[in-house]
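Quick note on numbering: the sequence shown equals residues 1 to 454 in full-length UniProt numbering.
Among these hints, one or two may not hold up.
To be verified - Beta-carbon label-pair distances, calculated as ranges:
| id | residue 1 | residue 2 | range |
| --- | --- | --- | --- |
| 1 | P408 | P355 | 34 to 44 angstroms |
| 2 | V403 | W383 | 21 to 31 angstroms |
| 3 | L337 | G167 | 25 to 35 angstroms |
Stated by the list, open to error - List time: in silico DSS-like cross-link candidates among lysine-lysine, alpha-carbon distance up to 27 angstroms:
| id | residue 1 | residue 2 |
| --- | --- | --- |
| 4 | K164 | K183 |
| 5 | K180 | K164 |
| 6 | K327 | K203 |
No lab work stands behind these hints: they were computed from the structure.
Just so it is clear, the structure is predicted and the values come from calculations on it, not from any experiment.
Virtual Cβ for every residue (Gly too), placed ideally from N, Cα, C.
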Amino acid sequence: MPHNLTTIHQLPHSNSESHMQADEAQIDDHLWGYLIPRSRHPQVRRIDLWRLNPNCTMGRDPDSNSLIFPGRHISGKHATMTWNRMSGDQCRISIRDLSAGGTWVSGVLVGHGQTSQLNDGDELALGAPVEVTEAGGLYDFRYTFRNVAGRGPFRMNDYYTRDKLLGQGTFGIVYRAIQKHPKKFVAIKTLTYPVGDTADAVKALAQTFEEIKALESIQHPHVIQIFAAHHATTTPNIHLVIEYMAGGNLFDYLYRENERQRAAGVTQLALPENLCREIMYQLCHAMAYCHALGITHRDLKPENILLRDTESEGPPFIKVADFGLAKIDKNIEKPVLMTSACGSIAYAAPEVLDPRSTGYDNYADSFSAGLIMFMLLIVSDPWCEVRTVSGPLPKMRWDNLTVEMLAPQGHDLLAHLVEPYPSKRLSLVGALGHPWMKAHQSMHPEVSYPSYAT
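Whenever a hint applies, use it, and build me the whole structure from the sequences.
Rendered as structure tokens:
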């Protein structure tokens, strides 16, 4: 099955539509082209053609196509669109018709088994060369093609100046950079993907797709925002331009708090309950929103929660980052259980790591969020022992939590989040409705949240 399979009627709008004031070459550089629908039906949306996938298969069959077009006039395998991986004047894009119903380029029938070149501005029609009015245009698959690769290579140095290294790991490298127009700090995360057709290469490529698609589809005050994605022309790299967060991550914040309290002679380490509740309030809102979009993070931990400001600038304002292991389920009404064991062992839900589990859902994020809450409260590891993949869950440091540190209602919420059995666990939407959370007065009243996330 193609690793970037997408059903046309479920495609999110491209993130570029919300940043039309930015340079178009910068926004769409990770694409070799895109298709603008002629249909006015709201579910027929723009199709982005990624440089990571130069060969797109199009048709009705979800098992053999990367772009799924439902409709009785669309063949199981309808057409293939191919980019030659070149840029500028050497760029060539073609479409091969495999259908019974026909494929047209600017009104000319390509012909079964035949190939036609596709140029910028051409109209591509699948199944019918004229408007299809059935179901209000839901099956009208006429598009205007835009050739991005033909514009020539994008040069990062024309838009950004690297400033300093922020982090490095298996995920890649993160730099702080200065965007030239308009001038501001941004973070550039460089991802390296393996080249080839091996299972590991395909999995890594799919993971790269998932992170960018997840970030592009989320517009929330407490989720890191992606500004652009650039595909390197000579190396297997993707450069993600995202918000720069001056306050570092939550783990470092807690480490500094731990050191500060120890230096002050505090014996019972604790973060004030109101600060803990503020951070959890923001985190639950962010993840409730993601879950409503069908996105499960699967790697929530303090290192993946960033702080917008330094500690001297007021109460914490967090943003969830690193959606590299995120899973997007487009069928929100009937979600498919996830089965991949992934994430960080110390923060993963038991059902994620248990080989006997039949699968898990977004309640796995609730468990991770509960562990973060526990860590916030006691400013240290909530586990009494080192947690392993195959061993039983260690005991948790419940004795460290006193009534002075956490009110009984807060204790009740925490217990329902770190509940080992997912059927008894509280969702993060449910956490927002819990009495401990509902009593909270936000320290950032300027922020408004989507109504369905409460």
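State, for the Cβ atoms of P408 and P355, whether the hinted interval 34 to 44 angstroms holds or is violated. At roughly 37 angstroms between Cβ atoms, P355 and P408 fall inside 34 to 44 angstroms, so the hint holds.
Under the criterion that the straight-line Cα-Cα distance not exceed 27 angstroms, is the pair K180, K164 satisfied? holds (16 angstroms)
Are the Cα atoms of K164 and K183 separated by 27 angstroms or less? Holds. K164 to K183 sits at ~16 angstroms (cutoff 27 angstroms).
Given the hint that K327 pairs with K203, does the C-alpha gap stay at or below 27 angstroms? The hint holds at about 13 angstroms.
So does V403 sit 21 to 31 angstroms from W383, Cβ to Cβ? Given a distance of about 22 angstroms, which is inside 21 to 31 angstroms, the answer is holds.
Cβ separation of L337 and G167, checked against the hinted range 25 to 35 angstroms: holds (32 angstroms)
Every hint from the earlier list agrees with this structure, and none is contradicted.
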